[in-house]
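Q: Chain by chain, the residues run as shown.
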Amino acid sequence: MECYSLLRTDVPDLIDHLGAYGEIVAPHSKGDVSYSFEVVQDSNKVVLDYDRTLLPLKKMFLPPQEKLMDFSLKSLSYTPIKLHIKPRVFFAIHSYEMQSILRLDHSMLSGQAESNYLRRRKKSRFIGISFKPDEFHFSESVGIPIEEMEGFDLYLNEVDGDYQLYVLTKNGHSLIEGFEKIKTAEPEIAEDRKFNKKIRFHYNRLPQVFQYAYHSEIWAEVASRCVGCGSCTLTCPTCFCFDVKDEVTVTAESGMRQRSWDSCMLSTFAEIAGGENFREKTINRTRHRLYRKFKYITDEEGLPWCVGCGRCTAFCPAEISLPDILNDLINEDEKAQHHHQVMA
Amino acid sequence: MSRDLNIKVHHLTRVEGHGNIVVNMKNGVLEKAHLSIVEPPRFFEAMLKGRSFHEAAIITSRICGICSLGHQMTSLVTTEDALGLEISEQTRLLRKLLVHGATFQSNVLHAYFLAAPDFLNVGSVFPLIATHKDVVLRALRMKRLANDIGDIVSGRAVHPITPVPGGFTSIPEKGELLEIKRRLLEEALPDGLETVETMKALAGAIPQFERETEYISLKHGDEYALYEGDIFSSDTGLVSVRNYLDVTNEFVVKHSTSKHTRYNRSSYFVGALARWNNNQAQLSEEAHAAAEAMGLKPDCHNPFMNTIAQVVEIVHCILDSVRIIDKLIANGLKNEKPNQTPTRYGRGVGSNEVPRGILFHDYTYDNKGNIVAANCIIPTGQNLANIDDDMMKLVPEIVDKSKAEITSNLEMLVRAYDPCISCSVHMLNVEFIE
Amino acid sequence: MKRIQDVSEEEIKDLYYPTMCKVTKARQITSMEKWYELEMPASQDLGHGPGQFVEVSAFGIGEAPISISSSPSQKGSFELCIRQVGTLTNVLKNYGEGDSIGIRGPFGTGYPMESLLGKDILIIAGGIGLVPLRSLIHYVLDKREEFGRLIILYGAKNPSELLFKEELSDWEARDDVELHLTVDQADDTWTGNTGVITTLIPELDLNLNMTIAAITGPPIMYKFVIMSLKSKQLQDDHIYVSLERRMKCGVGKCGHCQINGVYCCQDGPVFNYSDIKPLREAL
Amino acid sequence: MKPKVAFFDFTSCEGCQLNKLNLENDLLDILKHVDIVEFREAMDDRADLYDVAFIEGSISTPACVERIHDIRRRAKILVAIGSCAVNGGVNAMKNLHPIDEVRETVYGDDKYLFATLPAMAISSVVKVDYVVRGCPMTQQDFLRLLISLVLGKQPPKYRTPVCVECKLRESECLYNRGMVCLGPITRGGCDAICPSFGQFCTGCRGLMDNPNLEGMSEIMTNHGISLEEAQKRMLLYNSNEVKL
Ligand SMILES: Cc1cc2nc3c(=O)[nH]c(=O)nc-3n(C[C@H](O)[C@H](O)[C@H](O)COP(=O)(O)OP(=O)(O)OC[C@H]3O[C@@H](n4cnc5c(N)ncnc54)[C@H](O)[C@@H]3O)c2cc1C
Ligand code: SF4
Ligand code: SF4
Ligand code: SF4
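Protein chains in written order, with my numbering: chain A, 1 to 344; chain B, 1 to 434; chain C, 1 to 283; chain D, 1 to 244.
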């Protein structure tokens, strides 16, 4: 693995250099205390130290709202959408975010492959960056350390305020070709990055916990605080549910079919004509959300479908914490085990 | 000539809100001529009771959708006065821009959609789409731009979002303001001047009627007063806004859910014509040229000319908005947070010129920042007595005409005031009964 | 885990564009249901199996999953039958001969026809549930000698809601079909059985090893029908159910149809009962 | 034939109607689909029968009750527009105080001159076929309803909360800014316009079906306002709906 040193002050120049490959997407400030992935207009505006963006990187491949076709009501016909996909470099991406994209790849490839997602996804390059975990990150507990480099072409590791640049792939190598502000260096690992939030069990024990958690009292307690706003799932990088709607223009002659993100936490999500609702109560929906993250797909793929980004907790107005729910379930599970042993 | 006349116009059209005109003449003696307000009362003062200063402007802006920006501005000024909140120069400029946009919008709406059909003798603007499509399109274009100022600076033109006590929750982008400026100069200004031409052509249809009265508006040392100033009476001069109750002197009349006001005479006039009469010296050359073209002279006593004064203000607002945008940009747009830390609690009074005339809010806050007493006095309420006095003079002057013509003249008179009846019924100075 | 490198650009197929099909015949068959015969462009075949569905599309309104009601052995055209319950279905009511309807699909799993060969087929249909099962019935009838008995239990709320009345009397007349009808509420014209569909089950004389049951109906029906079949000792893996869920994409992406860990649109809508029995949200 | 459309206003600020006149870019297109036969705010004409009657404002006097019954009799489809008409809106705040006290507050000794009732939603007096929510109703929402009626399809019902649209716009959540917001329990459809301009959602589009009001109060009190203050926030637009 090649390793170089790079001064923090030279990062904007690196970004400009990457521009030769294509459009650059990187974290920017948004509002008072938030961040968002945006196309870079000015490399000095890119934020290198951020906790997490509001919406996950997923939005670049599966946009929150996306036109699927234009149609005419006069001729009852449609015009397909031409996707104009530019090569893109995703810059300053955290390891959990990269892992979420790899999981999404799996979801989008399973069954019939999701065409628009894949076309956007094909021409992308990823440059990782290390981060300091805040009170919400817990990715290590789901098997994703800060320095997890799978999926990245390049990785920026912060050491004493400046960076070490790791070259991880051939593509990564060609991205920095000709960039002169880097010097060969020895890899070092920063010491001061610890996760504040942890899940008490190793993640591969979680499906076991979920096996017996279906009727836990904990769901009702969580549901009593949840206001059903959907923020947790709408900001989740591995959620991908969507809705499709037709919009007609005022002329009533044409319109478009549009998809937009949906959320299984919303009361309407599983409702069908006639009012039958397959997950009518908040408690059913909260449970479904966590089973999707730690049981259903996990049973098949051996990985939790949660990457520990902390968004669902950080952006939940009710401050419902996913790792806290997990730890509560674990405690309950342990108690039950203990009870079993005593009884036996 | 001794004539019997009995006119009842039920639910007057093309005005905001519900009002009826009632005229009663027996043997040539005019017994009654008044505008009776039948809009259901909404009790805003009662609703404000106990509400926090964060909500006061949200609630009072719902007094009137047509003057929502005006109510909001006055409410904010009042709250800031009561709680001792200072605002920045940028906030002041952005508010003035909003007031210009709202005045521009409202005056266009009134001149083209509500008053112009009178001059052309049609029932609404809709037939004009066929006969005067370019005029209608021009009006729509101007209204759109005026509303866009509201949408961009305040989030939306009706019931604005971003103005809050102490400042704005979000600041427009420089590029957006420059685009507004471009459109003001390239679209609105030519359209405004065309409007002057159109109105000049229609001015012949304006009835020749004069009644000298007291004209009341704000007055400011440096500018044509809209956002701030002292109260000015054409009879007796300046009064501080704090003492607005000395000017308004409200009283209940039986024929109206809305109270009437009086100051030095039995009635007074507020609105564009009052502003013109009191402050026309502070208008730009272009605005004066427009006035002259349409035959509006300094000291005009014909209430029907209020519409013309509004058109003059359209020209003023377009040009002055450009000036404000230039200033905002020269100062550099800052992403300021609203200043919402009260430095005192108690009573505050605020006043703005809204399109229909001078508006007063008056709140008293407890030391948690909740309202304990509120009072709002709305322009249309202040004009009601003057409208009645005008009718009493006008009816005998036109008594020889047919009943239909008299009726239409009276409707036209009321409409010339651009009355906003929906908001004129919530204003009484009563303390809450604790 | 599937990886992005596993697919090449060329393999990526568009998912959301409908094929415009011509309505060749259409008839309102009850007060609530309309039947349509459609033709694919250029005389293509839809290529479906019994139990599969298509996403039907009307521009300006949206899409809805609708079962294919005709047998795959019917060439050149296919049939749908749609109950008017909401926005889209009510707009489709106005579509008739000559109009174009957008179709995506066929989607989902059908019945595993290979393994049904030689078996006795027990059809249990409630209300509109007959629509998807009709595809299976026609298929069996078209290849009659390849199957054992064909027993059809069909229930509706009242006689006027019975679908495909002419076909019902055809089947009634055949001696290689055992048809049992019932209605919840009889009217003056009704001389048949009255009562919910489960009342027909106890009298059945089934060859347990040979019988495959296929059930489709309103959500509430499954539990009771399965209970009755179980009390007749029919094994779980001899029972197939077809489930209805909300669906948007039809291709396992939008998430709406998920039943615990499975997607109704991809893993279903036809499920072997033994596979979904452990799923708590299924029935 | 084009459907005959009429607009009526009851107790309201008329902002919703004004918002219709503010549809400058689309006004002429709309007139291709419908005939406006009555619109007191903009025209003189009157008509007897309507295909669609749009109603703005709450019912708050005995005279209003009579008039709305009359309109209902003459209208095939009746649509309530704006929160005043849909659930009473801000007008209903007066219902929180005893009615005599309210009248006295405003009219003093003359309080019996003017009749008043509690401010009611249109639907509590006559059958309402569709609603366009919001204060003011949004032009988009109004157009969607109009187009739906023209196409004969069910207009959107908006059964997801404001937070959904807020997230789709990637607006910073006001809770992360230290403010409180009613987005989670408020019906969406406004494109989260207030939060996107940094202002809290006031709940103007009405409550969600089965809102978790206890949960919402807890959220607000956890973010630094008193329970009393939190309840007042929820009541602002929903005095007729929130039962505390
Ligand atoms: C696999 C499958 C096969 C079906 N086969 C048939 C059939 O052959 N004939 C028939 O009449 N009906 C069938 N249905 C039911 C049919 O899809 C719904 O009745 C239809 O979607 C209602 O749409 P709407 O717009 O008219 O109703 P609305 O009530 O207006 O629907 C509102 C929204 O809910 C969605 N929705 C409502 N119910 C369903 C549902 N069950 N599945 C997915 N989305 C739904 C609609 O897409 C729409 O967006 C089937 C459903 C499934 C899942
Ligand atoms: S973000 Fe929180 S309150 Fe909102 S749905 Fe998710 S868990 Fe519930
Ligand atoms: S700002 Fe308000 S509407 Fe937006 S996500 Fe936060 S709580 Fe929801
Ligand atoms: S954000 Fe809330 S207050 Fe603002 S328009 Fe939407 S519903 Fe109304």
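Errors might be hidden in some of the hints.
[Stated by the list, open to error] Listed next, the in silico BS3-like pairs over lysine-lysine satisfying Cα-Cα at most 30 Å (straight line):
hint, chain 1, residue 1, chain 2, residue 2
1, C, LYS22, C, LYS119
2, A, LYS198, C, LYS34
3, D, LYS153, D, LYS243
4, C, LYS34, D, LYS2
5, A, LYS181, A, LYS170
6, A, LYS281, C, LYS22
7, B, LYS32, B, LYS181
8, A, LYS281, C, LYS165
9, A, LYS245, C, LYS277
10, A, LYS281, D, LYS157
11, B, LYS297, A, LYS45
12, A, LYS245, D, LYS232
13, C, LYS2, C, LYS93
[To be verified] If we take Cβ atoms under 7 Å as the criterion, some of the chain A residues that face chain C in the derived model are:
hint, residue
14, GLU114
15, ARG121
16, PRO187
17, ALA190
18, SER321
These are computed hints drawn from the structure, not numbers from a lab. By construction, the Cβ of each residue, glycine as well, lies at the ideal position given by its N, Cα and C atoms.
Q: None of the hints should be skipped; say for each whether it holds.
A: Taking the hints in turn, this is what the structure says about them:
1. C:LYS22 to C:LYS119: At roughly 36 Å apart (the allowed maximum being 30 Å), LYS119 of chain C and LYS22 of chain C break the hint.
2. A:LYS198 to C:LYS34: 57 Å, violated
3. D:LYS153 to D:LYS243: 34 Å, violated
4. C:LYS34 to D:LYS2: Roughly 29 Å separates the two Cα atoms, so the pair holds.
5. A:LYS181 to A:LYS170: 20 Å, holds
6. A:LYS281 to C:LYS22: 42 Å, violated
7. B:LYS32 to B:LYS181: 50 Å, violated
8. A:LYS281 to C:LYS165: It is violated: about 40 Å lies between the C-alpha atoms, which goes past 30 Å.
9. A:LYS245 to C:LYS277: 34 Å, violated
10. A:LYS281 to D:LYS157: 20 Å, holds
11. B:LYS297 to A:LYS45: 56 Å, violated
12. A:LYS245 to D:LYS232: 36 Å, violated
13. C:LYS2 to C:LYS93: 42 Å, violated
14. GLU114: 6 Å, holds
15. ARG121: 6 Å, holds
16. PRO187: Violated, because the Cβ-Cβ distance from PRO187 of chain A to chain C comes to roughly 27 Å (cut-off 7 Å).
17. ALA190: 29 Å, violated
18. SER321: Hint on SER321 of chain A: violated, closest Cβ of chain C at ~23 Å, above 7 Å.
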